Amino acid sequence: MTTVALFHFPINILWEAQVSWEITSQMVGSGQTASGVSPTTRIDGGGAWKLTLSEVNLLWADARRTWRSLSAICDGGSNPIVVPMRDIPDVPYPTSGGVLLTRYDDINHTDDVPFASGVGYQVGTVDASLVGAALLNATSLTIAISGPGTPGTLRGGEHFSINHPVLRYRMYRIRTVKDNGDGTWNVTIRPPLRANTPDGTLLDFATPKCVMRLASGKEMDAAFEPMWISRPTASFIEAFPPFPVP
Amino acid sequence: MLVLNQDEIDAIESSTQRLGIFFRLDSDPVVRLWLGVGPCRVGVNALDANGAIYTGFGELNNVPEVEQLINGRATRVEFAISGVSGRVMQAASEDAETIQGSECALGLCIFGGSWQQLGPPKWIFRGTADYMTMAQDAVEGGVTRMISLSVGSLMTSRRRRGLSYLTNQDQQARHPGDRMCERTTLYAQDTDKVWPRFS
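Chains as they are written, first to last, in the numbering used here: chain F, 1 to 246; chain H, 1 to 199.
This is chain F alone, in the form it adopts within the complex (with noise of 0.2 Å):
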């Protein structure tokens, strides 16, 4: 199968008010019964993400133009797009003399220059891969940290993300989490792993991404008041493969 380049939304240019990434659960119930219990039964195998960025700031022309390129790509839904998740709070960053290492200084070419802009080559801090092979809908994991200085430590609700093979970026959220006490971790995942995993694969937890698409054709519709501003909502469902070209 052709790996299909897929777009990135661009999260260092539109900045949302509010963000919601969840996993949809989908119940179905028989009713209360006499006694007052409601027995309910669920039937999605775990869920898939949604996604709801509010009011995102169209303040200005490189948002507004963004934006609106944004919608063309996306076609209505019809086309996937990787949305990264901004996580920074949460991510087990690594310390230095209690100082959070969140990211490395720049990397030059070999004669120290930059590229045109002026940026080098960046490299997240955390290094987080898979201990052993996982397989297709798995929910246990071991996870491995380390990095410099000391390795961040996991409590349960971060997020992280894998790029598969033929799904490509799928996120998943850490439910629980027990320190082995070298470096790796015991952690249940939700939703459940969607491919079989390698041991060592890298997992992102710096921007977790995953393939969403939009939830309806109107989802990138923006009203703009007078001076060329909207705080258009926007909401994304996960995507699934096969992919069509852009």
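These are calculated hints, taken from the structure and not from any lab test.
Take a look, some chain H residues computed to stay more than 12 Å from chain F by CB distance:
no.	residue
1	R76
2	Q100
3	P120
4	L186
5	Q189
Example chain H residues on the side facing chain F (calculated, C-beta under 8 Å, incomplete):
no.	residue
6	R18
7	G20
8	L35
9	G36
10	V37
11	P39
12	C40
13	R41
Covered stretches of chain H (in silico footprint by chain F; criterion: 3 or more residues with CB under 8 Å from a CB of chain F, positions within the stretch not fixed):
no.	stretch
14	3–17
15	51–57
16	109–119
Because the structure is a prediction, the values reported are computed rather than measured. The C-beta atom is built at its ideal place from N, Cα and C for all residues, glycine as well.
Using the hints provided, position chain H relative to the given structure of chain F.
Showing chain H alone in chain F's frame:
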């Protein structure tokens, strides 16, 4: 017969269960769908000798109500399948004979609290796929397109030829030597049948 292990019994006795609903169409290639999200690997079961992966990307929209058929009863159910899924469209566009007559099965699987299967899928309904119909409706906010797969049970296609009767002559023509209808003429409406005296 639905056979559950103790873990499955304990799971369904709780007030909150996790079930997987599976659909299998034995066409070429085999279509395997489930109501959950994402792919799901199932173990060896009555229909998948080596286990299989069922896909859950929104293809299977809903499953019909099925009933236990006894005493030769027949039924016909409709499976609602997404009309915008590439996989389904590909299957629907194949030669109709590829689908028609294929075994269609509906099964369920019980999951534990960590979404791990407690046992293999149990196939609670098996039928024979007949035909597909497509319906497109305008609804608020857009258009929905759905494909319905009509599935009949074992007795659905039983036939009695028109203008044929359950008389001994007709039965001998159909199945020579069969004595089932030998005494049909002795039965008539509003007639009392006298218990035979053999003495």
